[in-house]
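Protein chains in written order, with this note's numbering: chain A, 1 to 169; chain B, 170 to 271; chain C, 272 to 1005.
Don't take each hint at face value.
Claimed, not checked - Which residues of chain A face chain C? A few of them, derived with a C-beta cut under 8 Å, are:
#: 1; residue: Asn-88
#: 2; residue: Cys-97
#: 3; residue: Val-108
Quick caveat, the hints were computed from the structure, so don't treat them as lab data.
Bear in mind that the values here come from a model prediction, so they are computed numbers and not experimental data.
For every residue, glycine included, the Cβ atom is placed at its ideal position computed from N, Cα and C.
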Amino acid sequence: MVDTLSFYIFALMALGGGVMTITRRNAVHSALWLIVSLLGAAGLFLLRGAEFLFAAQIVLYIGGVVLLILYVVMLVNLDETARARQFNKQWWIALACVAVVGAEIAFVMKRGLGALALPGVAAVAPTGEGNTERVADVLFSEYMLPFEIASLLLLVAVVGAVVMAKKRV
Amino acid sequence: MHPVTNVHYMVLSVALLLVGTIGVLTRRNIVIILMSIELILNAVNINLVAFSHHFGDVHGQVFAIFVIAVAAAETTVALGILIALFRNKETVLADEVDLLKW
Amino acid sequence: MNFLDSIWLIPLFPLFGAVVMLLMGRRLDPQPASPVAVASGVGDAPDAHGHGHGERHASAHDAAPGHGHEAHHGAGSRALVSLLCPGMVLLSLIFTIGAVAQLAATSERVHQVIKYTWITGLPFQLQDGSLARFGADLGFLLDPLSAVMTLVVTFVGFLIHVYSIGYMGHETGYYRFFAYMNLFVFFMLTLVLANNYLLLFVGWEGVGLCSYLLIGFYFHKKSAGDAGKKAFVVNRIGDAGFIVGMLLMFSVVGTVRFVDVNQAFGGMSPETGFGVLSAMALLLFIGATGKSAQVPLYTWLPDAMEGPTPVSALIHAATMVTAGVYMVARSNVLYQLTPETSGIVAAIGAFTAILAASIALVQNDIKRVLAYSTVSQLGFMFMAAGVGAYWVAIFHLYTHAFFKALLFLGSGSVIHAMSGEQDIRRMGGLKDKIPITHWTMFVASLAIAGIPGLAGFFSKDEILWQAWSSPLGSKAVWAVGTVTAFMTAFYMWRLMYLTFYGRSRVAPEVAAHVHESPATMTVPLTILAAGSALAGWIGVPKLWTMFGDGFRTFEHWLEPVFASGAAHAAAAAHGEAHHDTSIEWLLMGLSVLIALLGIVLARYLYSVNTAAPDAIQRASGPLYGVLSNKWYVDEIYDFLFINGLSKGGGRVLSRFDNRIVDGGVNGAGWMTRLAATVSGFWDTWVVDGSIRLLAFGVKVASYPMRLLQSGYVQSYAFVIVVGVAVALGYYLTR
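Let the sequences and hints guide you as you build the complete structure.
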């Protein structure tokens, strides 16, 4: 019961935060709503037993990415942008198109609802190790190479960002 | 209330995806477009975690970690581009830039 | 400690020294801002802050080693250089002695250490149809022959390093000198310790490089740079022969490892006529003539005297130039298969010996006399190798290393004392002013002249006897050798008398501060003098039966290497047993007599009747000119190869170029243009026309598509979403 209630609260946070994010005029407000949405997603992670991701979501996304966005919002002058028109000219056709996609997905899900109710695998016997340890085990054994590549990607991204944001190129 | 199943998560995930897509397609402010992309990626993550839990297998979570890492890289570069763009064009509106033309 | 298995360390010590010097030497030995200290004029008191030498020598002499007393820079850190570089060679020497001692204790006396395979190639077919794989190890071989060579290199090398501390003490580029010297020792040790021809060749090229660097040490002098280039280029000619010979050898026996090569050749029968083996031996010998300064490639060695004197002593007398002899001795199995080639080797050796000795008779530069003497003595070594007496060749190499290094170092000491003067006509009477130098050079001159009891006598006499008695030898070779021995005694004592005895002809401003060299120079001289006196006693003639077998250690030591050669010698000895030994006694007496005669003649001409040389010079007419101009060999080479082949050939080639090549090219060009014009029409109207038509069609058809390319990011994103919708819709309605 508590779980169910929590799910709906978090789901509301995630979805409502998302809607508010894309509708705010002021980019700072958008970012704050994005935090709400991300917190909701983090709560959902917690509900689904992904404690490590919960922490990573808060530290990396909210602490890192959103903060970075806020910095940039401060760097570039958005006052004029806030006064400008918020949606572009294609907004109605885009909305229609997204609606079509949503309808299609809804159709798929409805038609395959039986198939979607996947047989739940019996909860894995508790092995005494927590979620973080299991993630670490898999990440540093099976996914060692992708992990290294990801680190390289981050390095390249940092260098690239510095090169592009630097004053004289 | 019904107990929460995977389907709940999937519906939520789809909804969040659509919200993000709308944001990407309709907003003019590039900063908000970037935030919308984060929403899309979060929708994916929720889906991954839900299924990871469902199958009692942490591979999905590992994938989510990679998604977060790639998202961080993407945001970094995008914001770098954004700053360079703002310095050169004095705008952050997506429909005022058509450098990709031809 | 197992020195035998660590022989690969022996070359590495000097390499370490060289690397340290090249990387950090500039910091250890700070250089003055200007390469030449301010010249304060010739003849200043030596305790004034010093007199510059660079400018003086550049004009006065073409081959002056710098001897300026420049202000000392960073004397403390120089001490580190002086400690490290000779120390590294000393370490090599210690390891060599240890290894040789342990080698002597083993039964088979061959020890190979192969560190790893250096080169591997694809397998291919040999001439006899079997498969071989081109390959070479990074391997080291210690056997009696390389043991002798390594000992000579490290021992003499160490002494010369010590000497250089004193000799080069005032020079700029002190660390550079020692870096090159250590590098040289490294390459030389690689050369003698290599277990295959290819690695030997690496050392061979490396010593050539160091020789070039050291000859051109005073690079601000054009003559020094030119001499370095000459040495390098002339050596290249020989090296080409070496490479081809080596590859030919590989194509025949399929390996370049000494042990395997000798085994392969050991199974072959001697070649009659001129076949592939002879070609191989001859090509290798061409390599040896380059490195060991034999006719026709000897001209670089006298010019190499542009380098500092320790370099002349180490590289151009004791070690590098003997590499050719070592290589021929190393390939002795091959040379024994090809008697004709051996004959050529002996003939070239004899010819070189007498030619160089005749030039040395009239040279006036103290180092040039010694340079030609070196060429001549190398000729002796090849003479011995050519008549099949390889151990004697190595024996002479070994004794020669002592007395010739000593002579060079002594001459360096003289030059040092004379503040850079090298012309023996402006010396004289130095005996009492530089006594240690005089006495050590005295011993060396007696040794090279062949006075019994001193090192040179034993080896030279053995060479002459082998030339006379060996089945490959001949009386002619012996005669040439004897005449050369006479000349040797004469020119060496001419040098001694002009330098040390008689009236002083020293320029007064130089005479003021003639001084004996420091201990770092005289101690090596003394040690080498002891060596020149005593080194021969391990190879006394068989004739001297009163000495036991122990006095013939040298021959026995080398026997395993020249095993089949020993068989020859045994056969000869067998035949000779029937002979009366009186001939040998007679020849020995003759050679001693001739040596004494040479000395006495030199004394008469240059000490007693000093007017006579001029009279002889006038009487001999053009001969003197020919000799003092070194038989005009350099001029002939200039005419033949530089002017004749290069320039004359250039003229012919340029005419060929202008008329035939250019004509052909022009004709072809005209034809091409014609064809191009025709083809141009076709291109413009038919090919291009169709392409343009097509392009126009595409352009028209693509116009609606171009409208899609708005350049707005969001419209592209929109298209993606549309794509998703369409794809999903397709799968749902299918």
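Which of the numbered hints are not met once you compare them with the structure shown? Nothing - there is no hint that the structure violates, so all of them hold.
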